[in-house]
Structure formats: C-alpha cells, structure tokens
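Student: Each chain, letter by letter, is given below.
There are 2 protein chains.
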Amino acid sequence: MLPLPFDLLQKATDFLQVFYEENDLQDLSQRVGQVQDEISATGSYTLTEEELIYGAKIAWRNSNRCIGRLFWKSLKVRDRRAISRAEDIFSDLMEHLDFATNGGKIRSTVSIYPAANSESGEIRILNKQLIRYAGYCLPNGNVVGDPDSVDFTRLCQDLGWESEGTAFDILPVVIQVSDEDPKWFSIPEEKVLRVPISHPEYAWLESMQIQWYAIPVISDMRLEIGGLSFTCAPFNGWYMLTEIAVRNLADAQRYNLLPQLAEKMGLDTKHPRTLWKDKALVVLQEAVLYSFQEKGVAIVDHHSASEQFLEFCNIEQSKGRTVQAEWSWIVPPTAGSTMGVFHRDWGNEILSPNFFYQEHHWQ
Amino acid sequence: MLPLPFDLLQKATDFLQVFYEENDLQDLSQRVGQVQDEISATGSYTLTEEELIYGAKIAWRNSNRCIGRLFWKSLKVRDRRAISRAEDIFSDLMEHLDFATNGGKIRSTVSIYPAANSESGEIRILNKQLIRYAGYCLPNGNVVGDPDSVDFTRLCQDLGWESEGTAFDILPVVIQVSDEDPKWFSIPEEKVLRVPISHPEYAWLESMQIQWYAIPVISDMRLEIGGLSFTCAPFNGWYMLTEIAVRNLADAQRYNLLPQLAEKMGLDTKHPRTLWKDKALVVLQEAVLYSFQEKGVAIVDHHSASEQFLEFCNIEQSKGRTVQAEWSWIVPPTAGSTMGVFHRDWGNEILSPNFFYQEHHWQ
Ligand code: HEM
Ligand code: HEM
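Heads up: the protein sequence lines correspond to chains A and B, in order. Numbered per my numbering, the first sequence finishes at 363, counting up by one with no gaps. Numbered per my numbering, the second sequence finishes at 363, counting up by one with no gaps.
No wet-lab data here; the hints were simulated from the structure. Heads up, a few of these hints could be off.
Unchecked claim - With a straight-line cut-off of 27 Å between C-alpha atoms, the simulated DSS-like cross-links for lysine-lysine are:
id : chain 1 : residue 1 : chain 2 : residue 2
1  : B       : K128      : A       : K270
2  : A       : K105      : B       : K270
3  : A       : K76       : A       : K105
4  : A       : K295      : B       : K295
5  : A       : K270      : B       : K295
6  : B       : K191      : B       : K270
Said to hold, decoys possible - On the chain B side, residues computed to face chain A include the following (Cβ under 7 Å):
id : residue
7  : Q26
8  : P196
9  : V246
10 : L267
11 : K270
12 : H303
13 : G320
14 : T322
15 : A335
16 : T338
If you're wondering where the values come from, they're calculated on a predicted model, not measured in any experiment. Yeah, the Cβ is synthetic: ideal placement off N, Cα and C, and Gly gets one too.
Excised from the complex, chain A in its bound form:
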C-alpha cells in the first residue's frame, strides 16, 4: 500500500527534520519545499544518496528487536536504486555477499533497490534470507534440512529448481519484479562461506557433519525511510551465537539437534530432570563459537552482545533519544538472567525509519 501524497509529505518532512538536525545541516525548509514540489508533480520523491544512507542507519537504530544496534553508524549502505531487472539484482546481490562476507570479517551492509512505485510496482526477494538451507518433507513426515524452509523449498522446486536433497543445500534466490513471474537464481558455491561445526574437545561432534553459514542476510523486510518503501533492501550483520546454536540448530521445530547431541554425550534423555537439554545446549554453543573462531568468521556471544546493547542505550540516552526495544527479543534465548538486558525494560514504540514485515506474496 503506497502512502497518499499528503501522508508521504508529512513522513518525508518528519524524516528530513531528523536528518538535518542530527547532521547539523542548514536549509531544511528549502529541501522540504523541493520534496513538496516533487510530490505534487510526480506523486512521489527521491531521497538524495546522503539521505538514503543516513535513513538506513536510523532504520537499524530503530529496530526494536535488534540487540546489535551499537554499531548502527557503521552500516555500509549500497545505493542500488538504479538496478531493477531481476538478473541485475541477482548479480548485484552476489556482490553484496562478497563485500559483506569479506572473508569472515563481516561488514554490516544493506543494499537498497528501487522504492515501490505506483507505476513500476515493487521488487521483492521471496527468500527470508539470501543464504538459507532447503528443507524437504519426506513421505514419512520427517524433514531433511531446515523445517522452516519446507514451504519455500517446494516453491523453488515448482519453479524448476533441482537439488541434491542434503540437509544443507543452499536455496536459490527468488526475485519478483512487479507483476512479472518470479525468477530463480542459484548462488554459486564460492559466494557462500560455510562453517563446519566441530568441538574443541568432543571429536564425535565433527562426525555429526553439522554446518552453518557465515552471514545472515535478511531479505524479506521492507525498509521505510521518509515514507518511501524499499521492499527490496536486504541487510546483514554478523551472527549472535545463540541465533545459530540455541535457535536454528536446537529448536525442536528447526534442526532439533539436542536429542542427538545428548545421546552422544551419554545423557539420559528420558526425563528433563537430567538437564540434558541444558547441557547439550552449552556444548552446541561451545562448538559453534569455536568453529566460527577457527574459521575466522565474526560472531558475537550473547554476553558481549548484551553489554554492547546496554552501551548503545547509554549513548542514545546521552544524545537525548529514548531507546525503544522489545524485551522478549532483546533478551537472548538462554542464560537470560545472567545478562544486564534481562534486568531492564524499554518502551516498544515503532519509530520510522525502520524495517517492517511485509506479506509474502507466494504464501
């Protein structure tokens, strides 16, 4: 849904005000007048590159669920508003992967493709993340791969994608431009940094052949800046340990590895009183952390992330801004109470610029 011109002007003005103020710029009213004229003439307007870059940074700063926001100013913003063919977007996304992966020294990066527009429609990446593993539902109901990807994997197969059916097949990128048919593109293996998981002490863990990828690039959220909607604006940071070790690999509805791990550890899994989940969880965390470090891939543990977030809160406060945050997302999913963030709370107002969920057309 595109905003009405009046709404758009209001949102543009709100954003420009913040942009001018935080950057000590003059002549706000002149710029607002320009935008007003542009909206009157065309129904929309175009952000300058500086506005776009700063707006994307604020969107990160305003992400209530993100514990990684201390580094919002260092976001790398790739202005790709001139690219609009699916093929060109895909090859540019491969450059995003190279640039952001950076051999493991991950750079927080967002690539911004053309804003939604009443004439040209909107551009969408249908994947949740650029790199993610496929999931296959077997006739017996078991799943090979990532159960969270089962529906999307079926879509890819319907589009003609073929795969090896392993637990760690990288899904193709599916891009839809306006009302064209969605197009899929295989990611060349050399674009994907994979981290095989092993444990410093337990050799058997390596034989489980677990792996994860280096870089989470969320690709299905809408970036809103000054009332404009960038429906295709994939962004990445580096991983926080628990996202991989406590959620993706451990959730019962994801890779569900705790029972296998506990068995290898010789724990009795018949009763929760043996704390087998708690023990297996720590081993999995150790393994993931160790493996990322061994491979030279940036990752932050939840304790450090919590400290960094509290530092972010302090800085924001010192700037006269009130941090908005969603407690249940900020507090890491394990050992919560050992971290400072557990003992705090915040307002949870949704500010703009920000990243928003958008409906998946294909579901």
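Given the structure of chain A, go ahead and fit chain B with the ligands onto it with the hints provided.
Tutor: Same frame as chain A, but now just chain B with the ligands:
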C-alpha cells in the same frame, strides 16, 4: 485503600457469580442479597469459608506470573480470619511452615488472616518471604548474605534483632497489626528445612557451603477476593529449580556465585566468550536439583514446569477460560527457547481474585 461500599458490592457480586457458576450452586441472588444487606449495615461483608477457599484458589489460577498454576485446585487454604494478635499470628505461621513443609513433600498452602477493615485497620507481614536469609553490608561495601535483604535486615536490627552474621541467617518474622509497632519473632531452627548444596560429581562444591531453604512462602502480597483485601495472606508452593540456581544464587545482585564456581571449575572468567557463566550455571542447577532430591524436598525443573503450564493452558481453554500470563515471567530465565512456553503468548489482563503487590510501610 478500602473500596467504597458500592464498588465492594459490585466486586462481591462478580466473584459470587463465578463461585456459584463454577461450583454449580443455586440461589446466587439470595446470597447477593445477603451480602448487599451486610454491606449496607456494616460497610463490609464476610465470605463464607467455602467462598474464601475457592476464591484463594482462583487467585492462584489468575496469577499471571506463575508457571505453577496447573495445581491451583489442590491449594490448601487455612482460614485464619479469627486470629489477629501478632503473637498468635506468628505461632500460627509456624504451623503453616510445619504443615506446608511436610518433611519435604511440600503442600501448596495459603494462610488467610483477617481482611483489612476500616475499623481494625490492616495486618502486615513486613518480610518478603517467611523464610529468607539476612544480608549485611560490610564497611568495605561487600555484602555477607543475601544482598536483597540488606534494607530489611537493618530494620530487624533496629527493632532489636541480633544475629550471627553468617551468609545464611534466617531473618525474624516481623508482623505489624494496624498502627501498633511492628513486632519481631525469631523462627525456631527446627521449623526451617535447610538444603545444603552439593554436586553428584564435584566434591569441591560441598565445601563452598552453599545452602538454600526448602520452601518459598511469599508473605507481602495482598490477596483480593470479592473486593475484600487480605493484606496478610502468606502462600507457598514448591520451588522451581531456576528460582534458586539461576536467580537467587547466581544473579550478580544476589549471591553472585557464578564467578566463584567458574574459578573452581577452572574456567577462564576474563572473557564471556569462554561461556563460563553458561557452564557454571548448568553445574549450579545440577547441584541444586541433586541436593533437593537427596534431601527429599519437592522441586520442579523448568522443563517440567513449562510442560505443566501448557497443560494448565489446555485445561483452561477446555473450560472456556482464557489464560492470562506475563511472558517475561513465565518463560524461565535460562534455556527459554528449549521450552514450549517460549513459543507461545498470552493476554496479560489482571483478573480478580488475585494476588497484588502492596506498598511496604517500612520503606
Ligand atoms: C552487527 C551485528 C548484528 C547483530 C549481532 C544483530 C543481532 C540481532 C539479533 C540476535 C536479532 C534477533 C533475531 C531473532 O531472534 O530472530 C536481531 C533482529 C533484528 N536485527 Fe539485528 N543484528 C545485527 C545487525 C543488524 C543490522 C545491520 C540490521 C539492519 C540494518 C539489523 C536489523 C535487525 C532487525 C530489523 C531485526 C528484527 C528481525 C525480525 O523482526 O524478524 N540488525 N538482530
Ligand atoms: C506449586 C508450585 C509452584 C511453583 C513451581 C510456582 C512457580 C512460580 C515461579 C517460578 C514464579 C516466578 C517467581 C519469580 O521469578 O520471582 C511464580 C510467581 C508467582 N506465583 Fe507461583 N508457583 C507455585 C505455587 C504458587 C502458589 C501456591 C501461589 C499462590 C497461591 C502462587 C502464586 C504466584 C504469584 C502471585 C506469583 C508472582 C509473584 C510476584 O509477582 O512477585 N504460586 N510462581
């Protein structure tokens, strides 16, 4: 603040309606008429024993922060509305301890003393829990005992209480009746079931001389039933493991034992990346669980408690009632995402009957 008669009648009626309906009783209107007459004549009214008992059970069922609610129907309700002298309340509380502790087979119990009343005022237990350890602030700023008890301990000392100054001194019970001076009473050692903490494998843990008490009796909340305020209505269940092992003994602002434990375990505590807190936390949990079991004291692990709470939710739904719950309290403070409750949410409306915080007069 006592409710105005009109308000009171409304609340009484609401409660009686629920009581009559859930128990398939007849003649609600007759009982409401009676209560109306009583309120008109005296400004307040008296619950029957059956109403009181059932009301207390609903109060538990309505406790949004409590994960233990599956067992709400089995609450033992001690109707002690006839006891109002501080000395008599204290000796009755000692009976509560005996009855509820039950040699370790803990019985969920509430003792209900007279309701607040515009003539006789209100009765208060000033302690947070009947059994709790004192905390002493040393001149160097360190704390011996439970840092959360420092202020209250000072109050007890001001009242004349003397102690040994160990890390595990049981505080006296301080009772205030109406506007009399608060009176303090030492709990005889034989009323307190203590659980020394040891570990099935690590002998050094026993030498740390950690202990906890068997039974948490919350003593400073107001029980509200049908608009009446029972300001002195201490209640207990059994412990959930994480309350002791993850919060009371581990929180940095409580006994803060993780650094010591990690040191004994030979872990590097200089960087959070060694996951020393996560590892020490598991050992502490094992130790507390093992020690309670060895001593024959009831305790529930967080995984089982989560399952039980989800069963409670199912039963409530089948009765046509909507569970209200506070996610951030229900989800245990560690290994959250391994439990079903993490992946659910609930409304958080506050229903009555219920337990409420009340201001501490002494602070
Ligand atoms: C630099 C390292 C970063 C770390 C360690 C980090 C950490 C996290 C974590 C742990 C979550 C919760 C994820 C979940 O539970 O599913 C999250 C959510 C989020 N982060 Fe970050 N983040 C980082 C960078 C970024 C960047 C660069 C952006 C955008 C420019 C961003 C925007 C968001 C948003 C929008 C969410 C919410 C996602 C949703 O609602 O599904 N983060 N982040
Ligand atoms: C039978 C075993 C029980 C278990 C395992 C249990 C478990 C818990 C837990 C883990 C909490 C959170 C405590 C915290 O984080 O500080 C809690 C809170 C609470 N429980 Fe239960 N509970 C039990 C029995 C009871 C009973 C018998 C009552 C009342 C009749 C009750 C009423 C409450 C209330 C009112 C709170 C909130 C306390 C506050 O706001 O500070 N619980 N319970």
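Student: For each hint, tell me whether it holds in the structure or not.
Tutor: Status of the hints after comparison with the structure:
| no. | hint | result |
| --- | --- | --- |
| 1 | B:K128 <-> A:K270 | violated, 37 Å |
| 2 | A:K105 <-> B:K270 | holds, 23 Å |
| 3 | A:K76 <-> A:K105 | holds, 13 Å |
| 4 | A:K295 <-> B:K295 | violated, 47 Å |
| 5 | A:K270 <-> B:K295 | holds, 23 Å |
| 6 | B:K191 <-> B:K270 | violated, 42 Å |
| 7 | Q26 | violated, 45 Å |
| 8 | P196 | violated, 20 Å |
| 9 | V246 | holds, 6 Å |
| 10 | L267 | violated, 11 Å |
| 11 | K270 | violated, 12 Å |
| 12 | H303 | holds, 3 Å |
| 13 | G320 | violated, 28 Å |
| 14 | T322 | violated, 20 Å |
| 15 | A335 | holds, 5 Å |
| 16 | T338 | holds, 5 Å |
Taken one by one, the earlier hints fail for this structure at numbers 1, 4, 6, 7, 8, 10, 11, 13 and 14, listed in ascending order.
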